[in-house]
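Peer 1: Each chain is listed here by its residues.
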Amino acid sequence: MQHSTSQVVMFTVGMTSIVALLLAGMFTFLKPVHDTNEALYNKKQILGALNAPLEITADNLTDEEVGQYFENVEQLVVNSKGELIEGVKAEDVNMEKEEKKAVEDRQFPVFIMNNKGEKYYILTVRGNGLWDKIWGWVALESDLNTVAGAAFGHKAETPGLGAEIKDNAGWKAQFVGEQIYDKSGEYVSVDIVKGGADPMNKNGVDAISGATVTCVGAAEMIHNGIALYLPYLNSISDSDTKTGQK
Amino acid sequence: MAETAVKPQVEEKEPLFGKKEKFLITDPLNDNNPITVQVLGICSALAVTTLVVPSFVMAIAVVFVTAFANLIVSLLRNSIPTQIRMIVQLVVIATLVTVVELTLKALSFEVYKQLSVFIGLIITNCIVMGRLEAFAMANKPWRSFIDGIGNGLGYGLILLIVAAARELFGKGSFAGIQIIGNTDAYFINTTDSVMFGWYANNNLMVLPAAAMFVVGILIWIQRSYNTKLVDIS
Chain A
4 MQHSTSQVVM
14 FTVGMTSIVA
24 LLLAGMFTFL
34 KPVHDTNEAL
44 YNKKQILGAL
54 NAPLEITADN
64 LTDEEVGQYF
74 ENVEQLVVNS
84 KGELIEGVKA
94 EDVNMEKEEK
104 KAVEDRQFPV
114 FIMNNKGEKY
124 YILTVRGNGL
134 WDKIWGWVAL
144 ESDLNTVAGA
154 AFGHKAETPG
164 LGAEIKDNAG
174 WKAQFVGEQI
184 YDKSGEYVSV
194 DIVKGGADPM
204 NKNGVDAISG
214 ATVTCVGAAE
224 MIHNGIALYL
234 PYLNSISDSD
244 TKTGQK
Chain B
33 MAETAVKPQV
43 EEKEPLFGKK
53 EKFLITDPLN
63 DNNPITVQVL
73 GICSALAVTT
83 LVVPSFVMAI
93 AVVFVTAFAN
103 LIVSLLRNSI
113 PTQIRMIVQL
123 VVIATLVTVV
133 ELTLKALSFE
143 VYKQLSVFIG
153 LIITNCIVMG
163 RLEAFAMANK
173 PWRSFIDGIG
183 NGLGYGLILL
193 IVAAARELFG
203 KGSFAGIQII
213 GNTDAYFINT
223 TDSVMFGWYA
233 NNNLMVLPAA
243 AMFVVGILIW
253 IQRSYNTKLV
263 DIS
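So the sequence lines, in the order shown, correspond to chains A and B.
Going by this note's numbering, the first residue of the first sequence is number 4, and it counts up by one from there.
Going by this note's numbering, the first residue of the second sequence is number 33, and it counts up by one from there.
FYI, nobody ran anything at the bench for these hints, they're computed from the structure.
Even for Gly, the Cβ is constructed at its ideal location relative to N, Cα and C.
Where hints are given, some of them may not hold.
Listed next, the stretches of chain B that the computed footprint assigns to chain A, with coverage defined by at least 3 CB atoms under 8 Å from CB atoms of chain A [to be verified]:
id, segment
1, 91 to 104
2, 151 to 165
Cβ-to-Cβ under 8 Å is the rule here; a few derived chain B residues that face chain A [stated by the list, open to error]:
id, residue
3, T82
4, R109
5, P113
6, T114
7, Q115
8, I116
9, V123
10, I253
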C-alpha cells in the first residue's frame, strides 16, 4: 500500500531523530572510556620498543602494568631545532596531523624511560608502506647510538607480509643492538636489507621476504624519522659531555 | 436465507519455543546455512578469519545485529512506507552496527583495533539485509528475532571453522594458544621434535584466498554428507 508523501516525510523525520539521539547520546556517554582506552593502547605500543631491555612483551601487559611502567617515563616535546616545547604532552602529539605541517612547525614527541638507572630515548617515526601509512617507535640507549629496540604499526599492510613489521617479534628483535652511526661517526640509520644483512653489520637488518615495498618504506621512515630528531639528540649529547666532564 | 454459523476465529497462541521456532534456529546451521548454502556474507568470511578470537567476536556482532535488525524491522513492518523500505532497513542496520562498534571500543580496545573496518562492514553483509527482506518484512517479531539468531549462528559456525583451520595451519595456534611452531613457546616445538621436524607454517593460509579454499572445501564436505543439498544447484 502506498503511503502518502506526508506520511513518508513524518516517518523519515521521526526515525532520523530517534536514531540521531541514540547514537549521539551513546557516543558522548562513552567518549571518556574510549579516550582512556586509546591512550593506554598507544602507551602499550610505545613500550613495545623496549621489549628487550625491560624483558617484557608489551602486547601482553595489563593496563595497570602499562601505567606502572609509564610512571618512569619522562615525556618531552621538541621542535625541529631540538628545542623544548612547553605545555604539550608527548602522548598528545598527533603524528598524523604533525606530518601535514612544515618541518619547522612540527612537534616531535620524545619518551625517556628510566629503567634501573639506564635511560632510553624513544623516538616516534612515520612513513609510507605499500598500501598506506606505517609508523614506528625506535628506542635508543643513552649513548644515543645503539638501538634498544623498535616497534611498528601500520594502517593497511598485508597480513603475513608487510604486517610482519608489527607482528613478527623475531624480525623486530633484530633491531636490538644495531647502531644508527657508522664506524666513522656518520649518521646512516639502520637499513633494512633485501636478501639479508651481514650479521656483522651494525647498521642493517634482514628484510622480510615478500614485503619488499613495506621494508623499503620502513627503512626510509627510520632514516628520515630519526634524522628529524638529530638536532635534539645532538643537543643532549653535547650537554652530557659538558656536564659529564668534571 | 442461509444460516451459517460463523465460527469465531481462535487465534492460536504461538509457543515461544515450538517446533517452528526450533526449526528457525537449526535450519540455518546446516540445511540453509547462510554462507555455504545461501552463499551470502562471503566477504567478511574471507577477511576476518585469520585468527579465531576476532572471528568469534565478529560472529557475536553479526548474531546481535541480525537478530535485533530482524526484530525492529518486523515490529515496524506495517508502518514503514513502501517508498523508503530499503532505506529504513539500512538505517536500522547501520544504527545497530554503530552501537556494536561503540560498545566494542569501550569494552575491548585491542579487539576493536584487530577488527577495525570489519565491524563497520557488517552493514554491507548480505545476510543481514537478506534476512530482513526475506523474513522480517513478512513475519512476526519473535519469529524474526529467532530467525536472525539462527542465521547469525550459522554464519558464526562457518566463520569459526574457517578461522580455526587458517589459524592452525597458518600460524600454528588456536585462539592464541600456541600449538605447533619453531620455538619453545609452542606446545610442539618443531626444531626439537622428531615426528614434526619437517613441519612449517603454511603462509598461504594467512592470505584471504585461503579462506576461499577452506569455504569451498566446507561446501564440498557439507554437500557430500547432506543428502538434501545434493541437487540444489
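Peer 1: Each hint should be assessed against the structure and marked as holding or not.
Peer 2: Okay, the hints, checked on the actual structure:
Check on the segment 91 to 104 of chain B: 0 of its residues sit with their Cβ under 8 Å from a Cβ of chain A, so the three-residue criterion for coverage is violated. Requiring three or more residues with a Cβ within less than 8 Å of a Cβ of chain A, the coverage given for the segment 151 to 165 of chain B is violated, as only 0 such residues are present. A hinted interface residue such as T82/B counts as satisfied when its beta carbon comes closer than 8 Å to some beta carbon of chain A; here the least separation is about 6 Å, so the hint holds. Given the 8 Å rule on beta carbons, the hint for R109/B is violated: about 12 Å separates it from the nearest Cβ of chain A.
Restraint check, P113/B versus chain A: the minimum CB separation of about 4 Å is within 8 Å; hint holds. A least Cβ separation of about 6 Å between T114/B and chain A falls short of the 8 Å threshold, and the interface hint therefore holds. Restraint check, Q115/B versus chain A: the minimum CB separation of about 6 Å is within 8 Å; hint holds. Given hint, I116/B at the interface with chain A, holds; its Cβ is 6 Å from that chain's nearest Cβ, closer than 8 Å.
Taken as an interface hint, V123/B checks out: its beta carbon lies about 6 Å from the nearest beta carbon of chain A, inside 8 Å. For I253/B, the interface hint is violated, since its Cβ never comes within 8 Å of a Cβ in chain A; the closest pair sits about 26 Å apart.
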